[in-house]
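Combine the two chains into a complex, taking the hints into account.
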Amino acid sequence: MSSSTDIEQIITRLPTEFSSRIYYVALRKLRSKSAAEDVRNETFLRVIQALRAGSLRSPEALPAFVLGIARNVMMEEIRKSTRTDDIGDRDFAADAAEPVDHTVRRAIEATFTRMQPRERDILRFVYFDDLTKEEISERMGIVPERVRLVKSRALKSFREFYWRFTEARKK
Amino acid sequence: MDTESKVPAPTPGDEKTHSDAKSRELAEAYVGGRLAPAEADAFEEHFFACAECWDDVQTLQKFRDGVRDITMNGRQEAPSPWKWAFAVAAVALIAFASWTLLVQIPRLESQLAAARVVPAPAPGPPPVLMAKAEPNLPLLMLEASRADTATVLSVPAAAPRFAIWVDAPPAVRGPFRLEILGGTKSVESLAELQPNSHGALTAAVPSEKLLPGKYVARLFGAAGALAGEYKFEIRR
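Sequence lines, in order, name chains A and B. With my numbering, the residue at position 37 of the first sequence is 41, and numbering never jumps. With my numbering, the residue at position 145 of the second sequence is 1327, and numbering never jumps.
Here chain B stands alone, though its shape is the one from the complex (with noise of 0.2 Å):
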């Protein structure tokens, strides 16, 4: 910091009044302004003369400035390695939050509302065995009667099942189940039951379940009230 140190060497005098310079801090007083006009004088006589008492005026003018700067206008730290660290999760953080809004959210939103437009399939299996498209599937169409007529039919022993199909009552709304009694006993019962393109509700049955006899099935609404009766009877 000293750019003057060639100033000729302190005499046995200027010693005494350096030791007391020295002692007395006045480097800092004379830097504060806090020396009366003569010490000041005197003090600046000595520095004059003396290489370490203007070192030291030089390096106290620059510190208190630099203090009184950085109290005024804030500090500005050279970034410790725990900043560094700290901006790197920091920008992490970011990252990953804006992933989160911009790309991980509207695909949950997505796909939330797949889920709310395509019903949940109902655990177990369906409850209405519709056949598809069979050839020669032997088909039961049940109609109401106040007679006491059945209607028959006729399955083949090599047929694994049968097609029944029934008119929706058109006051009622579905679904609909079709419980299936021979005598007093249930044999079959066809739940969720909807009308088709037709307004006919169809359901397949294992040839099965119903042996030769005759049957009574009972269709109902929504309510559980009932919609119908029929009777039919099946062959072999």
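Looking at chain A on its own, in the form it has when it is part of the complex (with noise of 0.2 Å):
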């Protein structure tokens, strides 16, 4: 598909692009950090392989191509733990998110006090409560898309705080 001098270009970026999301996903699946870490540098592993072996398509299949070679090797870390560990010896991570940071969490109290009372109900119903916006309307009496603008507004000044944050940081 592509000369051996674009293969090297990719795989020069393949940890900036898709690093994060192959943890994400695998301690998704996983539940644990350091299989989630494992998943991520065997998948680079066999990614290289595959595109120095001339296995890619095109380089608009690469997402594709690198996310099928992650799932294989969750499957592959899922049968083996199963199977090798002593229970005793698994890592139960309890939940697949990442620890809050200091930076999240001021981003959030900042954006809370942005808010009213009925406007942080509302943001607590959809992400702790797991309520539906159908649910949540029903049961504070307002339509469904105040719900939505609600959470629109929410996200968009968390985005500007978590940003100005994470900027005031490097400093």
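Worth double-checking, as some hints may not be accurate.
[Said to hold, decoys possible] Only part of the chain A face toward chain B is listed, based on derived beta-carbon distances under 8 Å:
hint : residue
1    : V104
2    : F132
3    : D134
4    : F162
[Stated by the list, open to error] DSS-like mimics (lysine-lysine), calculated; alpha carbons at most 30 Å apart, straight line:
hint : chain 1 : residue 1 : chain 2 : residue 2
5    : A       : K137      : A       : K33
6    : A       : K137      : B       : K1198
7    : A       : K160      : B       : K1198
8    : B       : K1204     : A       : K137
9    : A       : K160      : B       : K1204
10   : B       : K1391     : A       : K33
These are computed hints drawn from the structure, not numbers from a lab. Since the model is a prediction, treat every value here as computed from it, not as a measurement. The C-beta atom is built at its ideal place from N, Cα and C for all residues, glycine as well.
In structure tokens, the structure reads:
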């Protein structure tokens, strides 16, 4: 498909473009940070071997190609852990989510200060209680569109604060 | 928030998937674990190729985790100016209360205790004008006597006052009042008399109040009972 130079350029960009995506998907499935890191490393090794072997049809197919290999590695990891690990050695991480870092927390708090108490209630119903828009609108006596607007505004505010606090930490 | 935005731009087919993902809020459903496995797989394939949807996934995951964390562990809001003002007022109030409790109240209590020990002065002039040590002050010593004799005191014309001395009856409680009568008319009343260290009642009387003549002095005790009667005569 591509010249060896193009392949090497793709290989150079691989970690930047896919590292956190692979880790995130693996962490959701395996619920173990160490297993997710293993999956990421093994995926990169196999992707690089496959690229050098000329297995990629086109550059546009690269994301699906990387995800496909990552899924294979994850399946192997699941099989391996259920077959060989003693139950006492298993890494039972309780939650796939990363611990909330200080910047995220600050951005959430800053976002909350911009919102009315009822709007904060809506956000808790959405992201803590996992209620649907329809359930929230029924419970609070508001139209579903209002729930969507509150979420949209909160996320916009959160992005702004998160970016601002992240930049401030870099300085 | 996007750390991996250099993935190739979506193809026309991907555009349809992208608009579908946006309109159906698939990123939120995926992060919340509400997609069916086949839908979740399809959306993963999409955000592996779509920088915007991957950014949405990251943002929503952080936001969701943050809201859950704050809901479970409580907020730690940055103090507002009003909170600062409230804090300053609270500190001032505590300082004032401490000062009142530790300084002001003990001081007032000690003042009150002192006020209780020292009797307040009676209003008006002292009832007993006991003369200080004055040289050549004429002294009238009153003695009870059944005889119809009167103690005579010669008061020099230059003496502005003379002293009266009378032994306090031991069976009668003070304070005493000495009433001086000229005939039937009271010419002087000396109240609130207390025995001195010699057990005597003393008082100073202005000479001008008692003109030469005969007088009767009646001594009354605390209950107003007559404790003694003394006759005397003033001469110049």
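Hints, verified against the model:
1. V104: Since the shortest Cβ distance to chain B is 4 Å, the answer is holds.
2. F132: Nearest chain B Cβ about 5 Å off; hint holds.
3. D134: Interface hint status for D134 (chain A): holds (6 Å vs cutoff 8 Å).
4. F162: Interface hint status for F162 (chain A): holds (5 Å vs cutoff 8 Å).
5. A:K137 with A:K33: holds, 26 Å
6. A:K137 with B:K1198: holds, 24 Å
7. A:K160 with B:K1198: holds, 24 Å
8. B:K1204 with A:K137: It holds: about 16 Å lies between the C-alpha atoms, which stays within 30 Å.
9. A:K160 with B:K1204: Holds, because 15 Å separates the two Cα atoms, which is no more than 30 Å.
10. B:K1391 with A:K33: violated, 119 Å
This entry does not satisfy hint 10, going by the numbered hints stated previously; all others are met.
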